[in-house]
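Chains as they are written, first to last, in the working numbering: chain D, 1 to 110; chain B, 1 to 117.
Bear in mind the hints are in silico, worked out from the structure with no lab data behind them.
Mixed in with the good hints there might be a few duds.
[Unchecked claim] Pairs of lysine-lysine, PhoX-like flavour, derived with a Cα cap of 25 Å:
1) LYS42/B to LYS57/B
2) LYS45/D to LYS42/B
3) LYS42/B to LYS42/D
4) LYS45/D to LYS2/D
5) LYS2/D to LYS78/B
6) LYS42/B to LYS2/D
7) LYS42/B to LYS83/B
8) LYS79/D to LYS45/D
9) LYS78/B to LYS42/D
10) LYS79/D to LYS42/D
11) LYS57/B to LYS78/B
12) LYS42/B to LYS78/B
13) LYS83/B to LYS57/B
14) LYS45/D to LYS57/B
15) LYS57/B to LYS42/D
16) LYS42/D to LYS83/B
Keep in mind the model is a prediction, meaning the values are calculated, not measured.
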Amino acid sequence: RKEVEQDPGPFNVPEGATVAFNCTYSNSASQSFFWYRQDCRKEPKLLMSVYSSGNEDGRFTAQLNRASQYISLLIRDSKLSDSATYLCVVNTNYGQNFVFGPGTRLSVLP
Amino acid sequence: EPEVTQTPSHQVTQMGQEVILRCVPISNHLYFYWYRQILGQKVEFLVSFYNNEISEKSEIFDDQFSVERPDGSNFTLKIRSTKLEDSAMYFCASSDSGELAGQETQYFGPGTRLLVL
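Using the sequences and the accompanying hints, generate a full structural model.
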């Protein structure tokens, strides 16, 4: 089983739609979780950290379910500028080995 | 806003040649990383560096790879004898200490696109 798995995508949604991304991780000892976005041929940029209680930042909501080893990202009222690849990132222990998922590509269409 | 910088942005080299990729992390950061991303594939962790030594490395980071912080600002990745399969985008990242180990936010540089012919 791969360490971090994500919806294969791509997701093509109209502007204003709500879209949800799912991510699962295999290492139950994983301690920290993040969502990054990556535009084509650019570096990953942190979107948000994911906390146990769940957290929200504007139109973005992240949830963590440790029992199911599952992380989600919800984007409400999607904008054209949200088009990117969304990367789920897991830190597998207290060290600095951050494991990236393969990413899910989102295209928001006018 | 402070940012991670990388040079060169692109490098083309012949198989078997040595390359050095350079990074200037954010100045007050303590942890430094190298990742690579082969075209169309996921970002892969190579190595992390803290307190002037490697703290973790992946299976990809074999004896052909080395990292160095030669002065107070630069962080370099050297590939001793490049192979065709080393062609990829190489990202440097840095982070501060964070409240808990593993909670650090990583900031990525724009990457160096390496092409091995």
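message: For LYS79/D and LYS42/D, compute the direct alpha-carbon distance and say whether it is at most 25 Å.
response: holds, 19 Å
task: Given the hint that LYS42/D pairs with LYS83/B, test it: the Cα-Cα distance must not exceed 25 Å.
output: Measuring from Cα to Cα gives roughly 24 Å; hence the hint holds.
message: Checking one constraint from the list: CA of LYS42/B to CA of LYS78/B, max 25 Å. Satisfied?
response: Since the Cα atoms of LYS42/B and LYS78/B sit roughly 21 Å apart, the hinted pair holds (cutoff 25 Å).
message: Between the alpha carbons of LYS45/D and LYS42/B, is the straight-line distance 25 Å or under?
response: holds, 14 Å
message: Check the hint pairing LYS45/D with LYS2/D against an upper bound of 25 Å on the C-alpha distance.
response: holds, 23 Å
- prompt: Within a Cα-Cα threshold of 25 Å, do LYS45/D and LYS57/B meet the stated pairing?
  reply: holds, 22 Å
- prompt: Can the restraint linking LYS78/B and LYS42/D be considered satisfied, given a maximum Cα separation of 25 Å?
  reply: holds, 22 Å
field: Restraint check for LYS83/B with LYS57/B, where alpha carbons must lie at most 25 Å apart
entry: holds, 19 Å
Distance restraint between LYS79/D and LYS45/D, which requires alpha-carbon spacing of 25 Å or less: Within the cut-off at roughly 17 Å; holds.
message: Need the status of pair LYS42/B, LYS57/B: alpha-carbon distance at most 25 Å?
response: Cα-Cα ~17 Å, so holds.
message: Would the hint linking LYS42/B and LYS83/B be met if the CA-CA limit is 25 Å?
response: holds, 19 Å
- prompt: Is LYS57/B within 25 Å of LYS78/B, Cα to Cα?
  reply: The hint holds at about 14 Å.
Violated hint for the displayed structure: number 5, the only one.
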